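Produce the entire structure from the sequences given, and follow the hints as far as they go.
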Amino acid sequence: MIALRRKNIRCLSSSTKRSLMYLLRIEHPVPNYVGWKQAFDSDPVGREKLGVRRYQILRAVDDPNYVMIDLEFDTAREAEALLAAMRVVWGQVDGKIIHGPKARIVEAVEIKQYGGHP
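In my numbering, the protein residues as written are 5 to 122.
None of these hints come from the bench; they were simulated from the model.
Worth double-checking, as some hints may not be accurate.
DSSO-like mimics (lysine-lysine), calculated; alpha carbons at most 30 Å apart, straight line [said to hold, decoys possible]:
(1) Lys53 x Lys106
(2) Lys116 x Lys106
(3) Lys100 x Lys41
(4) Lys53 x Lys41
(5) Lys100 x Lys53
(6) Lys41 x Lys106
(7) Lys116 x Lys53
Label-pair ranges, simulated between beta-carbon atoms [to be verified]:
(8) Pro48 x Gly120: 34 to 42 Å
(9) Tyr59 x Asp98: 16 to 24 Å
(10) Val49 x Gly119: 33 to 41 Å
(11) Val113 x Arg58: 12 to 20 Å
The structure displayed is predicted, hence computed values, not measured ones.
Backbone N, C-alpha and C fix where the C-beta goes; we use that ideal spot for every residue, glycine too.
See the structure below:
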């Protein structure tokens, strides 16, 4: 991967078409956050095995039962594979642990960091 680093900015080189990373953003309401989190932690698809580098869970400030999950991958293909596996899981739990999940694969094309934060 070719990336430029200037003043804490990482962006794509014009000579490459590779992204800095790919994210699978999943979001949905949950009837009970604690119950959903237990199901998430059970990891029914094996996130690491499918290429997840890291993830973060976000909750809406105005609705703690609305969750967003960002899963980071090196390739779009890995993100697509996890999404396919999750669709199988969602078919079994939609309406019970989650409601109407939405997902989108996005690519990071620029990351800027301010201040001295790592």
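Q.
Please verify whether Lys41 and Lys106 have alpha carbons no more than 30 Å apart.
A. holds (17 Å)
Q.
Holds or violated: Lys116 and Lys106, Cα atoms, limit 30 Å.
A. holds (27 Å)
Q. Taken at face value, is the distance from the CA of Lys53 to the CA of Lys116 at most 30 Å?
A. Distance of about 29 Å is within 30 Å: holds.
Q: Take the C-alpha atoms of Lys53 and Lys41, compute the straight-line distance between them, and say whether it is at most 30 Å.
A: This hinted pair holds, its Cα atoms lying about 20 Å apart.
Q: Please work out if Lys53 and Lys106 have their alpha carbons no farther apart than 30 Å.
A: holds (22 Å)
(Q) Within 34 to 42 Å: is that where the Cβ-Cβ distance between Pro48 and Gly120 falls? (A) holds (39 Å)
Q) Straight-line Cα separation of Lys100 and Lys53 no greater than 30 Å? A) holds (26 Å)
Q | Holds or violated: Lys100 to Lys41, with C-alpha atoms at most 30 Å apart | A | Holds, at roughly 13 Å.
Q. CB of Val49 to CB of Gly119, is that within 33 to 41 Å?
A. holds (37 Å)
(Q) Looking only at beta-carbon atoms, does the pair Tyr59, Asp98 fall within the given range of 16 to 24 Å? (A) Given about 20 Å between the Cβ atoms, the range holds.
Q.
Is 12 to 20 Å respected by the C-beta to C-beta distance linking Val113 and Arg58?
A. Given a distance of about 18 Å, which is inside 12 to 20 Å, the answer is holds.
Hint violations for this structure: none, all hints satisfied.
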